[in-house]
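*Asks:* Could you slot chain B onto chain A? The hints should help.
Protein chains in written order, with the working numbering: chain A, 1 to 334; chain B, 1001 to 1334.
Heads up, some of the hints might be wrong.
[Unchecked claim] Straight line, CA to CA, 25 angstroms or less: simulated BS3-like cross-link-like pairs of lysine-lysine:
#1 B:1163 to A:163
#2 B:1041 to B:1067
#3 A:163 to B:1142
#4 B:1142 to A:142
#5 A:210 to A:41
#6 B:1019 to B:1248
#7 A:142 to B:1019
#8 A:67 to A:31
#9 A:210 to A:19
#10 B:1019 to B:1041
#11 B:1163 to B:1019
#12 B:1142 to B:1330
Simulated from the structure, these hints should not be mistaken for laboratory data.
Number of protein chains: 2
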Amino acid sequence: MNPAESASGQTLDSMLKKKMPALGIDLGGTKLSAAVVSDFKVISEPRTVPTPHGADNIVSAIVDLIKSFQNEHVLAGAGIATAGVVDPTTGNILGSTGNLPGWEGTPLKTLIESRTMLPIQVDNDANAAAYGDTLAMRMEDKECVIGVTLGTGIGTGIIMRGKVYRGAHLAAAEGGHMRISLGNQRFCTCGLFDCWEEYGSGRGLVATTKELLPGVTSAQSELANHVEFLTTRMITAAADNGDIIAQKGMNIWHQHLAAGIASLAHILDPECFIISGGLSSVVDFELLREMVIDRCMPRYAESVQILHSELGIYAGIIGAAHEVLTHISKPPAA
Amino acid sequence: MNPAESASGQTLDSMLKKKMPALGIDLGGTKLSAAVVSDFKVISEPRTVPTPHGADNIVSAIVDLIKSFQNEHVLAGAGIATAGVVDPTTGNILGSTGNLPGWEGTPLKTLIESRTMLPIQVDNDANAAAYGDTLAMRMEDKECVIGVTLGTGIGTGIIMRGKVYRGAHLAAAEGGHMRISLGNQRFCTCGLFDCWEEYGSGRGLVATTKELLPGVTSAQSELANHVEFLTTRMITAAADNGDIIAQKGMNIWHQHLAAGIASLAHILDPECFIISGGLSSVVDFELLREMVIDRCMPRYAESVQILHSELGIYAGIIGAAHEVLTHISKPPAA
Chain A
1 MNPAESASGQ TLDSMLKKKM PALGIDLGGT KLSAAVVSDF KVISEPRTVP
51 TPHGADNIVS AIVDLIKSFQ NEHVLAGAGI ATAGVVDPTT GNILGSTGNL
101 PGWEGTPLKT LIESRTMLPI QVDNDANAAA YGDTLAMRME DKECVIGVTL
151 GTGIGTGIIM RGKVYRGAHL AAAEGGHMRI SLGNQRFCTC GLFDCWEEYG
201 SGRGLVATTK ELLPGVTSAQ SELANHVEFL TTRMITAAAD NGDIIAQKGM
251 NIWHQHLAAG IASLAHILDP ECFIISGGLS SVVDFELLRE MVIDRCMPRY
301 AESVQILHSE LGIYAGIIGA AHEVLTHISK PPAA
Chain B
1001 MNPAESASGQ TLDSMLKKKM PALGIDLGGT KLSAAVVSDF KVISEPRTVP
1051 TPHGADNIVS AIVDLIKSFQ NEHVLAGAGI ATAGVVDPTT GNILGSTGNL
1101 PGWEGTPLKT LIESRTMLPI QVDNDANAAA YGDTLAMRME DKECVIGVTL
1151 GTGIGTGIIM RGKVYRGAHL AAAEGGHMRI SLGNQRFCTC GLFDCWEEYG
1201 SGRGLVATTK ELLPGVTSAQ SELANHVEFL TTRMITAAAD NGDIIAQKGM
1251 NIWHQHLAAG IASLAHILDP ECFIISGGLS SVVDFELLRE MVIDRCMPRY
1301 AESVQILHSE LGIYAGIIGA AHEVLTHISK PPAA
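Next comes chain A alone, as it looks inside the complex (with noise of 0.2 angstroms):
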């Protein structure tokens, strides 16, 4: 046995990197943030910057960030959880979506490790976000877990015994472009019709409540007058308030919800949902958990279970953070 080496097969190396930080990194449409993290927690203050436009300057905001974190921070990696379709392995984007134009092509992690000299992971945002949620819930010895990224859109990612399940062609785990109706209702940014995130997502609850508006006066309900611009957090505080449509959007919203995560049920029959993103803490599990029971068969009402992510708004950076981790401490191949 070398010296360097412990009991387990671990080298010095590995488990004194394992014991270290590493920088988890969240790039958005709109804004690019990272903060430190340790045993699933972030140990820093977040730092969070506009996401800039076109390729290079995305890579170079991202090492402006690695290296003002360096400075405070001994790292043992970066993790990056970016929106698209990853190789893990290389760390190439392969495929954008609309909110990053110019992205796909980007050899991500070699342009950042040559020019930070730390070891990169990149992997796409749902997919680090139910890893972290996974790991964290201590559930990667489970045949699969699904984690549902709610916020703008619906990202999901798929983890099987600890893993994050990939497909053949690296493209798994589209959830949120399932087809959940029929006759070309609502257009999807990706170019398709009746995508679940259309429904299940903040766009798809503002555009439920929109539904229920025509008609409506501003006497039976504070959001007539916002037609337009209906956000979100107008909805959600008024339905705090007691107003009747939004409550009723509400209501609609987790409908929709509730179809895609009971199809999922059927089709990957996993140990759990967990529930992440900004929008999951509008979210009433015990609503929504009826919900899905309603729209499950027997066997599947009986197991089915959804959880809201400890992780909450740091999913995304927790998870690709120990994604990073994960690589270091691996063994070396013999």
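*Replies:* Relative to the frame of chain A, chain B by itself:
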């Protein structure tokens, strides 16, 4: 090395058994079929009897079928593909469908093994078909293959790297019960609304075509006289005869099939879909592929493959037989 072991660690016993055929048995709600299978081919005349009522009678009928084949064939074992939820390790029926009342709780493997002295493997019918199709097409090394069995209902099976994916509670891959529409429009035999199989199965084709018939005269469509007793066969025959209503029904049915396949593509990103079952013979695969591509984001549209099963109506029988052959040929646990 034990002299009975080959260099690869297989025992002579297991190698001999691997060369022997197995019986494949397909248990459905109306009929019980069996045939001898070797190397993904049916090598005997298949036999079919009506499914008797009650678990005891079904078990006896299966035993009788096995014994009738044993008179003429030396069998390595028998694989049973059945409707319902199965624990493949114990061979117990964990959940049944309306088609086989009283089937739940039957310790099928134990009962049949004790009365035939043959190794028995039991699996859900759609899982068995997907397993057979995947292995027959030499796709056991692929990340994910999805089998879709089209008949009265829709069965799905998910094969990941050559193994049946079973989920956290052994109930995965009920893709036929994805919810593909909102608004409680069609009631499914499972007790839920708007399941994929109420649209994409034979029942779905009949329901869709019926919706087109109100106001249609018998001069306009030969189906107008048969609204009450419409069958898939009438519709496909009329479509072949150029009946516009029947052709419209078939077209919408393909759209409904495509909607479910596109959803599964976005969730699981499989290497390919393999379509089997009695109704697969009336699928226009070129049309279906176009419609799926229309409903997929570009990344999925580029890679989606939809193949017609090479095992035809025997996919379940062949898959079940190969499940027991695979099980037998495994080296014994150390």
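*Asks:* Next, verify each hint and record whether it holds.
*Replies:* Hints, one by one, checked against the model:
1. Only pairs whose Cα atoms come within 25 angstroms are accepted, and residue 1163 (chain B) paired with residue 163 (chain A) is accepted, the gap being roughly 17 angstroms.
2. Our distance criterion of 25 angstroms between C-alpha atoms is met by residue 1041 (chain B) and residue 1067 (chain B), whose separation comes to about 21 angstroms.
3. Restraint check for residue 163 (chain A) and residue 1142 (chain B): the C-alpha separation of about 17 angstroms stays at or below 25 angstroms, so the hint holds.
4. Note on residue 1142 (chain B) and residue 142 (chain A): the hinted pairing holds, with a Cα-Cα distance of about 22 angstroms set against a maximum of 25 angstroms.
5. Proximity of residue 210 (chain A) to residue 41 (chain A) is assessed by CA-CA distance (about 38 angstroms); at most 25 angstroms being required, the pair is judged violated.
6. Proposed proximity of residue 1019 (chain B) and residue 1248 (chain B) is contradicted: the alpha carbons are some 49 angstroms apart, above 25 angstroms.
7. Only pairs whose Cα atoms come within 25 angstroms are accepted, and residue 142 (chain A) paired with residue 1019 (chain B) is rejected, the gap being roughly 36 angstroms.
8. Distance restraint check for residue 67 (chain A) and residue 31 (chain A): the Cα-Cα separation of roughly 18 angstroms lies within the 25 angstroms cut-off, and the hinted pair is therefore satisfied.
9. Between the alpha carbons of residue 210 (chain A) and residue 19 (chain A) the distance comes to roughly 50 angstroms, so the proposed pair goes past 25 angstroms and is violated.
10. Annotation: proposed proximity of residue 1019 (chain B) to residue 1041 (chain B) holds, straight-line Cα distance about 13 angstroms (limit 25 angstroms).
11. Distance check on the hinted pair: residue 1163 (chain B) and residue 1019 (chain B) sit about 21 angstroms apart at the alpha-carbon level, within 25 angstroms; holds.
12. For the proposed pair residue 1142 (chain B) and residue 1330 (chain B), the alpha carbon gap of about 20 angstroms is at most 25 angstroms, so the pair holds.
Of the numbered hints listed earlier, those contradicted by the structure are 5, 6, 7 and 9.
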